[in-house]
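Asks: Build out the structure end to end from the sequences listed, making use of the hints.
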Amino acid sequence: MRIAILLVTALVAWRAGALRAATIRGVVVEDATGHPLARALIVAHPVAGATAEMRSVRSDSNGRFELAGLPPGAYLLLASRRGFAPVPYGQKQGKGSGVPLEVGENSEASVEIRLPRYGAISGAVLDENDVGLPDCEVVAYRDSHPPTPAAHATTDDRGRYRIWGLEPGTYLVRTAGLQYEDGDYLPTFSRQTARVAEAIPADVALDRETGNVDIRPFPGRFVTVTGYAWPMAAVTLLADFGSQTVSADANGNFRFPPVPPGPYELSARAQAGRPRQNLAAWQAISVDRNAAYYQLRLAPLPQLQVRLEDPQGQAIDAPSVQILIRRKDLSGAGPSETFRPPQLLPPGRYELALAPSPSWYAAGFNGRARAEGWNEFELTASAEVKFILSPHPARIHGIVQDRGKPAAGVPVYLEADGIEPRMIRTDSAGQYEFYGLAPGSYRLLATFEARGTAGSRTIELTEGQDQTADLDLAVSQ
Amino acid sequence: MTRFLLSAALAAAALHAAVIRGVVVENYTGKPLARSVVILQPVGGTPGDTRSARADRFGAFAFDRLPAGYYILKASRKGFLAMEYGQKRWNSAGQPILLRDEDTAFCSLRLLLPSAITGTVLDENDIGLPDHEIAAYRLSTPPELIRTVKTDDRGIYRLDGLEPGSYAVRTVGKQYDDGSYLPTFAQEAARVEEAQHIDLQPETEIAHVDVRPAPGRLFTVTVAIPPPAAPPCRITLASDMGRKTAEGTFAEFSGLPPGEYEVYGECAALPEDGAPLRAGYQRFHLHGNQGITLLANPVRPAAVFVSGAPTSASSTAMIRRKDLAGMGKPMPLDLNRGAATIPPGRWEVMLTPPAGYYVSGFYGSFHRDAGRADGWNEFLAGDYVSIRFQLSGGPGSVRGSVKSGSDPVPGAPVYLEGWDPAAKKRVGDLHIARTDNLGAYRFDALAPGAYRILSTFEYLNPAPETMTATAQEITVPEHAEKSIDLELYGIR
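Just so you know, the sequences run in chain order L and B. Each residue of the first sequence is one higher than the last, beginning at 122 in our numbering. Each residue of the second sequence is one higher than the last, beginning at 841 in our numbering.
Hints were generated in silico from the structure; no laboratory data involved. Any given hint could be a false lead.
As the list claims (entries may be wrong) - Label-pair restraints from in silico Cβ distances:
| hint | chain 1 | residue 1 | chain 2 | residue 2 | range |
| --- | --- | --- | --- | --- | --- |
| 1 | B | M1171 | L | S364 | 24 to 32 Å |
| 2 | B | E1045 | L | S265 | 54 to 62 Å |
| 3 | B | G1166 | L | D251 | 33 to 41 Å |
| 4 | L | D251 | B | Q1027 | 33 to 41 Å |
| 5 | L | E319 | B | M1171 | 43 to 51 Å |
| 6 | L | P322 | B | K918 | 24 to 32 Å |
What the hints assert, rightly or not - Under 10 Å between C-beta atoms, here's a sample of chain B residues computed to sit facing chain L:
| hint | residue |
| --- | --- |
| 7 | E866 |
| 8 | T869 |
| 9 | A874 |
| 10 | F898 |
| 11 | K918 |
| 12 | D963 |
| 13 | L969 |
| 14 | E973 |
| 15 | D993 |
| 16 | D1017 |
| 17 | G1019 |
| 18 | P1068 |
| 19 | A1070 |
| 20 | P1071 |
All values derive from a computational prediction rather than experimental measurement. Even for Gly, the Cβ is constructed at its ideal location relative to N, Cα and C.
Replies: Next comes the structure, spelled out in structure tokens:
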């Protein structure tokens, strides 16, 4: 009897769910040709505040997909496939954010998502007679300060290269130095300059190839980097365009094949003793023609300790504070991970950040006044770094409206000078919130379009201020 | 009379010098090729040593104060096929330059670009598959892996730097998130016999060699080197699709089709090992996901015995790794007091005996080839390696002259190939000589046995198949000199 009642109850619930359920169907195609994209991944994220869960599906061999049995609500759809730029549903011209797709009870929505390819830069590396130079490494740097490597390619037998997989933006292109039997070519920016400031940037857009970015590298002289580390140590020489590792000999001496002059990071690791202990060393070096011998002093891995203090200098115990760490080298920043001090780390350059918290904000780092975002430091020996935490963070919250109605799933950007922008989306009631903020001047913008869209609002925050800021959805004219 | 005149000319050479000037250019465009290496080799009997020069930024070069005589002129530059002056085709031998007293010769050397194959790797909807590896195989027996590249974001590939010849292209197995593709030959063939044959002429690019790889199941191999071996380590997985390497004591190789594989790993030695390195090797057949524990033991010094000659007579040896991906680069084998470092795996070794001796026997663990021992000898190295070369005294020699009709041919290439008639196989590397000013040639220190000999300008490095069609079979006796005059072979 009880089983029968349970069965009937489940059946009623299932029927009710089936009646209320919504379906999103669609097709994913290549933007340039309209050819269906098989095996594309489609992810449906419910807008915050809804009870639904994230769902995903792969398109079939005809590029079609179906997400059935969805609870009614607003969903952000994102389609991706290897080799293509991921596209959120509703994105305008490859810029800006996706627009939520509203599905009601028993409704069906049908969408087409067109995936563009990433951008590419192509050209040739040529000698003084316009003959292509083969096997030359070419690097595309994002045109930031300092430039950060984004992608690289090697020239073919004709000296031609094609750097692909580039997000839209501005890039600088540089050869990585080339060594021939009879002479060397120094790293040279397009077009024909050794200095970043004089390099000609290349604009990259999705589905487009920026061609004819040719480079005629300057002749010069490479330097052989030698030194002493530790018997049989693995020694790595890292530049912004790649790294190479050699093994030190039984006497601890190492020698790298010649490299172009410039900034490098030299590191070594080895094991010694009983029980076996990891030894390491790291040094930022500038290789020039006169100094190419380096002595690395390997030592046990340094320990990093993080001290948390209140503004009065008293140590505080704040177990809820999440500390993030990432390695930084000449090729850029590595992935971030949670840091639990104290921890043994290989020596080198690192960045630390505190995850935003409603209870604290980072008011200082190692004597620096502003500490939101990433804070860089060098770790060469065991050390303690210090964060000052203020228990009075500011907060901004409000509602985003579109023509007088709360707008769900709208990206809201918070920007301030010197820190990385933060973005959240409004929930199903159109509400947003930024917490854990330091006092200062901030710019707020709610838009589905690109972040640079006009219409941002400037807000001055004082310590501990709780600021309400309702925003109108910004739309470009 | 000819001899007298030439001798007189050579005697006068010291007094009156000649000059060779020239320019190296790109064959297709005529653009000067700066920094090309130019080598001038006097033919035997012409005084002077081999000289080399670099072309200047205009591609120009000059060799001055040259004695009269015959010279071979060669040019090369990275990214181009090396060439010899007077070559009839890209793979034929150069003609000697006759330089008389106070002559100034001007030579234009046009370097050819290698060839290329291009195409697209496509899925079922004609969408290019990015980052998909594709390999070019030379259609020899067995097919030889020459080059592997990856497709770009559009699925387009360009297999460049290929010498002219016959090729097939094959995609490498690839695993995607939701499925995988088996290695597939162009066009849509699983076996090399059914693959599209691509004939490459010099400086050509064969386009639209597209491949739609067949879906299928691929596997993953994990390789772990257990303690006490410790980093730095390198693990290499070899198959007929090439080699994959990983740093560290653990490696995961995914996207592998079923078939034969070899794995070898090398680690730095521990201080207590008393050995230069630790290493391990395994060969296996893959038919499912597989985990391999690769023991890396200290590599004990291999015992290399050379017997049959006085200990004061020193030999040199070369060794190369052999695996399913092909031959490794030959390296000198350190014969330091009879001990050498040979990590486990398959190897080939070749000994150059001291003067007056030849290699008459080779004995090694799991020695594969019972034929002649004067070429490359394959063996399988385990934890302990012991190999022995047997030397015998009294090598043979071959001498003679090359004539075209009744005229001696100076500077003619002569190719001598050690030949195993039973196995129908080349023994060792091809011996190459050029005739001297008087058309005479000579090969010494030869192991007795069967050889094939050919003199021709038509080929630069003739393959065994070419030798079969054109060369003359001879037998070199022990302790003796064989005299054989050759007629210059030419294609008419």
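Asks: It remains to establish, for every hint, whether it holds in the given structure.
Replies: Going through the hints against the structure:
Evaluation of the 24 to 32 Å hint for M1171 of chain B and S364 of chain L yields a pass: the beta carbon distance comes to about 25 Å. Our hint of 54 to 62 Å for E1045 of chain B and S265 of chain L is violated, since their Cβ atoms are close to 38 Å apart. Separation of G1166 of chain B from D251 of chain L is about 36 Å and conforms to the stated range, judged on CB atoms against 33 to 41 Å. At about 36 Å, the beta-carbon gap between D251 of chain L and Q1027 of chain B stays in the expected band of 33 to 41 Å.
At roughly 45 Å, the beta carbons of E319 of chain L and M1171 of chain B sit within the given window of 43 to 51 Å. In this structure, P322 of chain L and K918 of chain B meet the distance hint of 24 to 32 Å, their C-beta atoms being roughly 30 Å apart. At a threshold of 10 Å, the smallest CB-CB gap from E866 of chain B to chain L is about 6 Å, leaving the interface hint in force. Against a cut-off of 10 Å between C-beta atoms, the interface hint on T869 of chain B holds, since the closest Cβ of chain L lies about 8 Å away.
Hint on A874 of chain B holds. Least Cβ distance to chain L is approximately 6 Å, under the 10 Å limit. For F898 of chain B, the interface hint holds, since its Cβ comes within 10 Å of a Cβ in chain L; the closest pair sits about 8 Å apart. Because the closest C-beta pair between K918 of chain B and chain L is about 6 Å apart, less than 10 Å, the hint holds. Residue-level restraint check for D963 of chain B holds (minimum Cβ-Cβ distance to chain L is 6 Å; threshold 10 Å).
A least Cβ separation of about 8 Å between L969 of chain B and chain L falls short of the 10 Å threshold, and the interface hint therefore holds. The restraint placing E973 of chain B at the interface with chain L is violated, with a minimum CB-CB distance near 14 Å, outside the 10 Å limit. For D993 of chain B, the shortest C-beta to C-beta distance to chain L is roughly 4 Å, which falls under 10 Å, so the interface hint holds. At its closest, the beta carbon of D1017 of chain B sits 7 Å from a beta carbon of chain L; the interface hint therefore holds under the 10 Å criterion.
The interface hint given for G1019 of chain B holds, since its Cβ lies 7 Å from the closest Cβ of chain L, which is under the 10 Å cut-off. Interface hint status for P1068 of chain B: upheld, as the beta-carbon distance to the closest one in chain L is roughly 9 Å, under 10 Å. Residue-level restraint check for A1070 of chain B holds (minimum Cβ-Cβ distance to chain L is 6 Å; threshold 10 Å). Annotation: P1071 of chain B was flagged as interfacial toward chain L, and the flag holds, the nearest CB pair being 7 Å apart, inside 10 Å.
The structure fails to meet hints 2 and 14 from the earlier list, while all remaining hints are met.
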